[in-house]
Amino acid sequence: MLSQTSNWSKIAGQNFSSTYTTETQNDLALELDRLTCAYGKKVVVNNLSLHVPIGSVYGFLGPNGAGKTTTIKTLVGMRPLQSGRATLLGMDVATQGLEIRQYVGYMAETNNLYGHMKVSEMVEVARRMSHRWNSQSVNHYLDLFQLPHKEKIRKLSKGMKGQLALTLVLGSEPDLLILDEPTSDLDPLKRYEFLNQIVREVSSAGRTIFFSSHNLSEVEQIADRVAIVNEGRLIVEDDLDSLKSREKAVKTAFDRPVWTHDLEAIPGVRRVLQEGRRFRLLVRGEAEQVVAELHNLGASSVEIVDMNLEAIFVAYLQDCQQGRLHESLPE
Amino acid sequence: MRGKFYFWLGIYAGLMLIGLIRWSPNQAYNVVTTDFTTGMEFTPFVVPLFISWINFSGFITLIAALFGGVDLVSDEVDKNTLSFLLTKPISRTRIYLTKLLLNVVGLTLIFGLSSGVVLFIDQLQPQRVNLLEALGDMLSVLTAAIIVIFLSGLISVFTRNTLQTIAVAVAILLGVSLSGAFVISKVASLLTPTVEVGVTIGILGAIGLLCGLFWSGLIAFNHKEF
Chain A
1 MLSQTSNWSK
11 IAGQNFSSTY
21 TTETQNDLAL
31 ELDRLTCAYG
41 KKVVVNNLSL
51 HVPIGSVYGF
61 LGPNGAGKTT
71 TIKTLVGMRP
81 LQSGRATLLG
91 MDVATQGLEI
101 RQYVGYMAET
111 NNLYGHMKVS
121 EMVEVARRMS
131 HRWNSQSVNH
141 YLDLFQLPHK
151 EKIRKLSKGM
161 KGQLALTLVL
171 GSEPDLLILD
181 EPTSDLDPLK
191 RYEFLNQIVR
201 EVSSAGRTIF
211 FSSHNLSEVE
221 QIADRVAIVN
231 EGRLIVEDDL
241 DSLKSREKAV
251 KTAFDRPVWT
261 HDLEAIPGVR
271 RVLQEGRRFR
281 LLVRGEAEQV
291 VAELHNLGAS
301 SVEIVDMNLE
311 AIFVAYLQDC
321 QQGRLHESLP
331 E
Chain B
1 MRGKFYFWLG
11 IYAGLMLIGL
21 IRWSPNQAYN
31 VVTTDFTTGM
41 EFTPFVVPLF
51 ISWINFSGFI
61 TLIAALFGGV
71 DLVSDEVDKN
81 TLSFLLTKPI
91 SRTRIYLTKL
101 LLNVVGLTLI
111 FGLSSGVVLF
121 IDQLQPQRVN
131 LLEALGDMLS
141 VLTAAIIVIF
151 LSGLISVFTR
161 NTLQTIAVAV
171 AILLGVSLSG
181 AFVISKVASL
191 LTPTVEVGVT
201 IGILGAIGLL
211 CGLFWSGLIA
221 FNHKEF
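Protein chains in written order, with the numbering used here: chain A, 1 to 331; chain B, 1 to 226.
With the rest of the complex left out, here is chain A (with noise of 0.2 Å):
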């Protein structure tokens, strides 16, 4: 009677899973499993694996040289897959990549419209170009950054470029937003409109966007998940909150003087950094754990502080230099 019960359990629980995973399968806009791109014998993407669910504000970060550009350049079409699968919205990059280009919109890194063009006519290549158009939108737009019907293109200036690339993008009404370093070219006062204008969209139309940045205090403004990439590897993947939850700073002070590998040795500490008589340890997972061991080693001051993600990023990027990287891998 008993080993029937904890059968039937074990099935639901099978059942469960199953029906689980299926599940998050359909919840992905966007999904990479094992990406890897290479320039001849120069391997840029290395086995990449990525998640994004179905709209998320998904932050692609990396320093320069990760591999961001030309990954995404995969996505989008412009380069073929060599290896591994993406899927898009449920549709396979390498067979599907008309009809994924149909409901994935995509703004390139530097600007890519025609400088010979008015804005007007621009707006009319792109609409005759597009699978689906939101005229309402698209005037709505122009009419909000005031980009001039009459103009040409190559007379705007380089934010306002990027914003009428960005109202083109969005007036395809894409399903997926795939964004290039979007910010990169503008001034900090168009870039506050700029993310303002991107959260707000997404927002009201539960769509999903992937962009990639280094500038990570934007990055920390607006996304909800990121991904952190050095040299073509997938470094962490997680969503912002818990990735910060789990990453905190641990500054103490010491009475007497202690050596720097007695306080690396506790459990859960990354690193150490000294700052004068003071200790930061950056730490990962338990930080609780660490204050009580810290406090038995005789600390006279322990505080518990958050990281932002422009912290927690250098603290990665220097794991993987040190070749820790097998240490730092969650899970």
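A hint or two may mislead.
[Unchecked claim] Cut-off 25 Å, straight-line C-alpha distance, at most; resulting in silico cross-link-like pairs (DSS-like, lysine-lysine): (1) B:K224 with A:K150; (2) A:K190 with A:K155; (3) A:K158 with B:K79.
[Claimed, not checked] Sample of chain B residues lacking proximity to chain A, with all beta carbon distances greater than 10 Å (derived): (4) G3; (5) N55; (6) L82; (7) L86; (8) T87; (9) K88; (10) P89; (11) V176; (12) V187; (13) L218.
[Said to hold, decoys possible] Listed next, with one range per pair, are the computed distances between beta-carbon atoms: (14) B:G175 with A:S135: 50 to 56 Å; (15) B:T143 with A:N64: 38 to 44 Å; (16) A:N64 with B:S185: 27 to 33 Å; (17) B:Y6 with A:K155: 20 to 26 Å; (18) A:A205 with B:G205: 55 to 61 Å; (19) B:G112 with A:A205: 49 to 55 Å; (20) A:Q96 with B:T143: 37 to 43 Å; (21) A:K152 with B:R160: 42 to 48 Å; (22) A:S135 with B:V105: 54 to 60 Å; (23) B:Q164 with A:D33: 34 to 40 Å.
For the record, the hints were derived by calculation from the structure and aren't laboratory data.
Positions of the beta carbon are idealized from the N, C-alpha and C atoms, including for glycine.
Chain B: place on chain A using the hints.
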């Protein structure tokens, strides 16, 4: 694209004007000249207007074709606008075909129109060209021009900007035509083929070249990383 069309339209209009002023009407026809050595009177042979026109406009057409094809792809790579096209829901085949077609149609239109006008005026002259011969001349110039468009289009898939494409295309065209002339002169002297055989070989070669360049350009564009 439209600017380029008007540019070449202007060039051809100018050429036509110069040609008409220079060679029309062929007044020499009515002039009776005396040969001093024999003392006999004769009317000198005058080259028909259309032949003069084809001779220099054919050369210009090849140059126009070269300039038409060279910025098929590489110009957009240079200006970064290709990423705008490639990421829209349009197949690469369609993009390449549309670009080729625009160039071919544009050049055919300009060349056909101006040659038609010249041919019409030529037919009003006392000494005129055979109509069938004229059409054959136009067709061969156009075929050569389309081959040049396809070739420079194919090259522009691989190069990074227009200047590079022009350099490579000119080098290839010069190399091919020089070595081709050499080979043909050797082969012709060996085989001494009849005119019919020569024409057939020429036509077949042109068709083969057209198809080969067209397909290789299309396939290269479809598989290139940008």
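Evaluation of the provided hints:
1. B:K224 with A:K150: violated, 35 Å
2. A:K190 with A:K155: This hinted pair holds, its Cα atoms lying about 18 Å apart.
3. A:K158 with B:K79: Holds. K158 of chain A to K79 of chain B sits at ~15 Å (cutoff 25 Å).
4. G3: With a cut-off of 10 Å, G3 of chain B comes too close to chain A, as the shortest Cβ separation is near 7 Å.
5. N55: Holds: least Cβ distance 35 Å, greater than 10 Å.
6. L82: violated, 8 Å
7. L86: At roughly 5 Å from the nearest Cβ of chain A, L86 of chain B sits no farther out than 10 Å, so the non-interface label is violated.
8. T87: violated, 4 Å
9. K88: Not fine: 4 Å to the nearest Cβ puts K88 of chain B too close to chain A.
10. P89: violated, 4 Å
11. V176: Per Cβ check, V176 of chain B is outside 10 Å of chain A; nearest 30 Å; holds.
12. V187: Per Cβ check, V187 of chain B is outside 10 Å of chain A; nearest 41 Å; holds.
13. L218: holds, 15 Å
14. B:G175 with A:S135: 50 to 56 Å: holds, 52 Å
15. B:T143 with A:N64: 38 to 44 Å: violated, 50 Å
16. A:N64 with B:S185: 27 to 33 Å: Violated - the Cβ-Cβ distance for N64 of chain A and S185 of chain B, about 57 Å, lies outside 27 to 33 Å.
17. B:Y6 with A:K155: 20 to 26 Å: holds, 21 Å
18. A:A205 with B:G205: 55 to 61 Å: Given a distance of about 58 Å, which is inside 55 to 61 Å, the answer is holds.
19. B:G112 with A:A205: 49 to 55 Å: holds, 51 Å
20. A:Q96 with B:T143: 37 to 43 Å: holds, 39 Å
21. A:K152 with B:R160: 42 to 48 Å: violated, 25 Å
22. A:S135 with B:V105: 54 to 60 Å: Since S135 of chain A and V105 of chain B have Cβ atoms about 30 Å apart, the given range 54 to 60 Å is violated.
23. B:Q164 with A:D33: 34 to 40 Å: holds, 38 Å
Violated hints, in rising order: 1, 4, 6, 7, 8, 9, 10, 15, 16, 21 and 22; the structure is consistent with all others.
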